[in-house]
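Asks: Each chain, written out:
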Amino acid sequence: MTAARGAALTDTAAAALAAATSSAAGRRRRWRRRYLLAALGGAAVLAWALAALLAPWITPYAPATVNVAGRLAAPSAAHWLGTDELGRDVLTRIIFGARTSLIVGFTVVLIGGALGTLVGAVAAYARGWAEEILMRATDLMFCFPPIILAMAIAAALGIGTRNTVIAMLVVWWPKFARLARSLVLGQRSLEYVAAARTIGFAPAHILFRQILPNALGPLVVLLTLDVGNAILVFAGLSFLGLGVVPPTPEWGSMVSEGRELVSQWWVATFPGLAILTVVIGFNFVGDGLRDWLDPHARRR
Amino acid sequence: MPGDADPLLDVRDLRTWFFTDAGVVRAVDGVSFTLSRGETLGIVGESGSGKSVAAKSIMNLLEEPARIVAGSIRFRGREITALPEEELRDIRGAEIAMVFQDPMTSLNPVLRISRQLVETMTAHRRFTAPAARTRAASLLGRMGIAAPERVLDAWPHQFSGGMRQRVMLAMGFANEPSLILADEPTTALDVTIQAQILDLLRALNADLGTAVILISHDLGVIATICSRVLVMYAGEVVEEGRPQDLLSDPRHPYTWALLHAAPRLDEAVAGDRRLATIEGQPPDARAWPEGCRFRARCPFAIEACARHPALLAVDAGRLARCWVTQAGARLASPQPRAATAAARPAAAPSPLLHVQGLVKHYELPRENFLEPRRVLRAVEGVDIDVFAGETVGLVGESGSGKSTLARLVMRLEEPTAGRIVFDGQDISHATQAAIRPLRRRIQMIFQDPYASLNPRMTVGEILAGPLRLHALADTAAEARTRVGALLDLVGLPPAAAARFPHEFSGGQRQRISIARALAVEPDFVVGDEPISALDVNIQAQIINLMIGLQERLRLTYLFIAHDLAVVRHISDRIVVLYLGRVMETAKSAELFRRPLHPYTASLISAVPTLDAARARSRIVLAGEIPSAIDPPSGCPFRTRCPAAAPRCAAEMPPLAELAPGHRVACHFPGSVAAADRDRSRRSEVSA
Amino acid sequence: MLRYITSRLLVAAAMVLLATLIVFLIANTVPGDPVLTQLGDVAANNPAIVEAYRHKWGLDLPIWDRYWIFLRGLAHGDLGLSISSQRPVIDDIAQYAPATVELSTVAFLLSLIFGLPLGVLAAMKRDSWIDHLARAVSLIGVSSPTFWLAFIMLAVFYGWLGWAPGPGQIGADQFPPPDVTGFMLIDAPLAGQWDTFWDAIAHLALPAIVLAASTMGLITRTTRAAMLEALSQDYIRVARAKGLLRRAIMLGHALPNALLPVITLGGLAYAQLLTGTVLTETIFSWPGLGRYTFQSAVFLDFPAIMGVTLVVAVVYVFVNLLVDVSYAMLDPRVMRR
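Residue numbers (this note's numbering), protein chains in the order written: chain G, 1 to 300; chain E, 301 to 987; chain P, 988 to 1324.
Bear in mind the hints are in silico, worked out from the structure with no lab data behind them. You may find that some hints are simply not true.
To be verified - Straight-line Cα separation of at most 25 Å, SDA-like style, residue types lysine to any residue; simulated pairs:
1) P:LYS1112 with G:ALA38
2) G:LYS175 with P:LEU1255
3) G:LYS175 with P:TYR1314
4) P:LYS1112 with P:ALA1000
5) G:LYS175 with G:ALA38
6) P:LYS1112 with G:ASP291
7) G:LYS175 with P:LYS1112
8) P:LYS1112 with G:ARG32
9) G:LYS175 with G:LEU102
10) G:LYS175 with P:VAL1312
11) G:LYS175 with P:THR1007
12) G:LYS175 with G:LEU185
13) G:LYS175 with P:PRO1248
14) G:LYS175 with G:ILE111
Unchecked claim - Chain E side only, calculated, beta carbon under 10 Å to chain P, not exhaustive:
15) LEU388
16) LEU407
17) TRP455
18) ALA474
19) SER478
20) LEU481
Just so you know, even glycine gets a beta-carbon here, dropped at the ideal spot from N, CA and C.
Only chain G is shown next, with the shape it has when bound in the complex:
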């Protein structure tokens, strides 16, 4: 090492390296904080999923057991979250309610997402009139707000979880179609797609085996964020009496049952909190996924 360089480094090395270590530590802290939220969200979602799965074994009561004598009991050691108008244990019903909410949330988002992705991806790859028709249909479905159309369909098909899910599916796929289309269009213009075509791969191979895997990231993010959304909409429909059939425990209808009971606040408050935690959980997981997938955000 030459003298000149050595001198320069002794002057600056200490400060620079101190800066480096403190700055790296700061970045690690930020990194941990970002993914801490995602981990918390994941834990919340996982906890609810486990509770739903193990509901019959971990709940102290049966969800439909009526106990008129013990109705509207405040939270206590016997009933941690109190009882409702029919004396049913609120905690038990919330845990059983997780089953409906999670199943409906995942069903709507997975089927709607798959359907929408298929429509959007095919539209983007085919271009021309096929794209025109598919995307106009998508635009059209956007004109119907989920709750109103779901109400119309639920009213037409009859009330029940299955019909409500069908109604939600009708309005759910278009946003995935739009996202999938824009993603596939973006990938389509990249040279690896032209390369696959010059090699002679069939369109279906190129679209499903080469393009879609590259477009999956943002779709998975939307999918995750949207489970919470679907749970919210379904709870809203149930609240209006268009979701589950009583006495099936469901969070939205539980809030509805407790809405007049202002002084027995626990009847409506806890199911609502359950919804809030699940939805926030999915939001955290989705945001974490997005940060993780977006190298731009990760670098910052």
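Since the structure of chain G is provided, determine the placement of chains E and P on it from the hints.
Replies: Frame of chain G, contents of chains E and P only:
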């Protein structure tokens, strides 16, 4: 106030590091230089050498996670690194201005040009808003924009790239700064526009006395403007001197390598077309090697190189960071190897690829369905023959239709009219299924080494896919063997098969791309700007690889590039395109010796050259390529042609054979090449 | 510009026509039988009564004829008779719409006034306390079930603290002002009933806040993300190199670009507010379209549900049209080539 004898800018041992998650990247690690008032200084280096970061450090425009960790930057006697943000702001845009690489993204898309110019001036309280507006118009006029008052209230997207760079220059000179930093200002532009902008920059430096620091990867660009040049490698300056000295007698092996890796227009093409390259890649900026940072790649390395050399004087006005030249040794030019005389096969009587009257019109999507449909005339009647074993080069500015032509030949697009015949088989309108067997014989290498490989597939999968599809390998084991052979063919280790594309550098990825094209054993390969995105030395490696493969596998190339020197170097014959039409075609040497079309002549003349005398006497083509949506009548080039006459607007000249194999589409062939020798005519041209 | 608007209008008209078809198909091809619901068991078992009923409502005609009749009726503003109220659906909608427009407009303004600055500030001071606050507020806003939030607000501010009046548009002690525009907040001052006006404002507060919560969350998030995106662009670096003040860079360069996606979202959000008031109105007994829709759904009042659905679709199409046009006016790249 410091006296005039003090330098304008004095940079001492500057170190700018990036504190990233992956470690501390020492992008600039010990840079020193000075700049006098009105001086023009060039900084050259490959991507990652730290030249751009050094420029940003001068204005302290760094963003997290970059930080100046050591060193001093004195501008007019003031220490920039110690200035608080408010005082820095007074210097930025007023005393030091910067012009960035990409004019397309440098202007705010939702603000009018006038607003963006005016705020530059009013922010520094040098002008009132009305005065700034008047000045904005005169600045735009000075930058060569016609009818500046009218375009003042235009939006950025209404301007082409060249026009936007003129606006950026107007912005840079608005407050009469004493220093302007231009970071690759012409890299995103066509060679003809580049020549215009460089001329402008030189004139502004001469007229206003503004000092210029020009950053570029292209020594030719720097040689046209700068009186002194710094060569950067691995975060430090390795050589400094006058451009002509560096070019004729480089004193650092890296400069030497840069110089010999790029083909030059002013040197004859040797029998063996392989270029001199250096091995390997620049070192990792997170851990510079002990000793000389170039040592691992240096063909001249000696024992002393294990210690880090200082930047010391090696001659009058010349500095080099090299033990070898500091000891007085010279770096000898590489001796061109004799042609390996792999006797090129005699041209077959019938062409392998025959393109006749090819037309491609794109119907543009309507803005809304009440507007008439607009048609983009990308290719407008092209005839090309390519014979087995030869390399045909395709040149032209962006918008000339050369990439569309490649996509048509590959039948990624269907032609609107005309014929494409490959080895006797008409594929103009064949279905994809009918072409599939032919795909084995025609393959393509793409421009962007980052987008042309599927990021979700391993290299092994990328290479095995074509083998399995075309039944060249029946079993997985067989495919694996052949993948290994392919990797070996392009100079990559067999272990590469298990890795993903992002684990490779740009040059290595381009090798993978070539291996993919060769997997199906084609005899015809289309290269669509396959080396344009690469650094000079990597370009040379890829050119050498392509030349070697052509000899070994008897390939036929259709090679598209905008770099004329590269095209001349690699091609047997060259086709010049302009707005979708063939302007001229001839044997490579013939075309460059005696260009007959005014467009060809001006294209060649626009190439920045290392020869200063030639640089001063060039034809600078006015204006820009017109839109292919509404091309000029008659000869499409007439709107920019120095030799245009009324006849040119009326009829498109036919592609006539003026000498054996030399065809030109011009009513006045040879008129502008003649003008090059006639000084009075030339000044008229550049006006 | 005129051409652009005309073209967008024609597209919108086509969308509306398609929407009528969808609504009609849902109403006419589904298995649910309104006859049973409306007539009751006894009458439904009498074929003559059923036949007369079917004939009266045109349920015995072929489907395309019925669509044609439906369209012709639409052209005259005829959405059919509501089965439960026995009045023309269009009259019902006209009666209930103003209350909904009032509520959702106030909610929209609230969410803009708070969401937009919060988003901008959060992006300007990234990772500061205000950024964390903005993220927390928007997260809770978009994650809370509206109906539950409404319950909590009512329980706390009406039931417990007594700061806010209960459900309804005005208190029981107030007389509704004479109907001029249908909007309580306009008609009351017009009639000089200032007490009624202030009472109406007080009644509006809770439902508007509840309704605004999720929209504000969305606007804050989008504004923040759009600002950060704009701030990462090259032209921001150029603005810094020009020596502009930080404020000028943020508000003069980044914000105009960041507003573009916010406009798109804002338009959609307003359309959603106009049509998404079902839950809020039901809980707050707000005499608007949302509650009307809910009641119609409960009674399987098809003409009413379909009428509302259609009106809602039309509102969507036209809000979208407005968004497109204002976008075109704000983004020079769309129109001026």
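Asks: Hints first: check each against the structure and report whether it holds.
Replies: Structure-based check of all given hints:
1. P:LYS1112 with G:ALA38: holds (22 Å)
2. G:LYS175 with P:LEU1255: holds (13 Å)
3. G:LYS175 with P:TYR1314: holds (20 Å)
4. P:LYS1112 with P:ALA1000: violated (45 Å)
5. G:LYS175 with G:ALA38: holds (24 Å)
6. P:LYS1112 with G:ASP291: Distance of about 19 Å is within 25 Å: holds.
7. G:LYS175 with P:LYS1112: Outside the cut-off at roughly 32 Å; violated.
8. P:LYS1112 with G:ARG32: holds (20 Å)
9. G:LYS175 with G:LEU102: Roughly 21 Å separates the two Cα atoms, so the pair holds.
10. G:LYS175 with P:VAL1312: Roughly 22 Å between the alpha carbons, so the hint for LYS175 of chain G and VAL1312 of chain P holds.
11. G:LYS175 with P:THR1007: Judged against 25 Å, a Cα distance of about 21 Å means the pair holds.
12. G:LYS175 with G:LEU185: This hinted pair holds, its Cα atoms lying about 15 Å apart.
13. G:LYS175 with P:PRO1248: holds (16 Å)
14. G:LYS175 with G:ILE111: Given pair LYS175 of chain G, ILE111 of chain G holds - Cα atoms ~13 Å apart, limit 25 Å.
15. LEU388: Holds, about 8 Å.
16. LEU407: Cβ of LEU407 of chain E sits 6 Å from chain P, so the hint holds.
17. TRP455: holds (4 Å)
18. ALA474: The hint holds - ALA474 of chain E has a Cβ within 10 Å of chain P, the shortest such distance being about 9 Å.
19. SER478: violated (14 Å)
20. LEU481: holds (9 Å)
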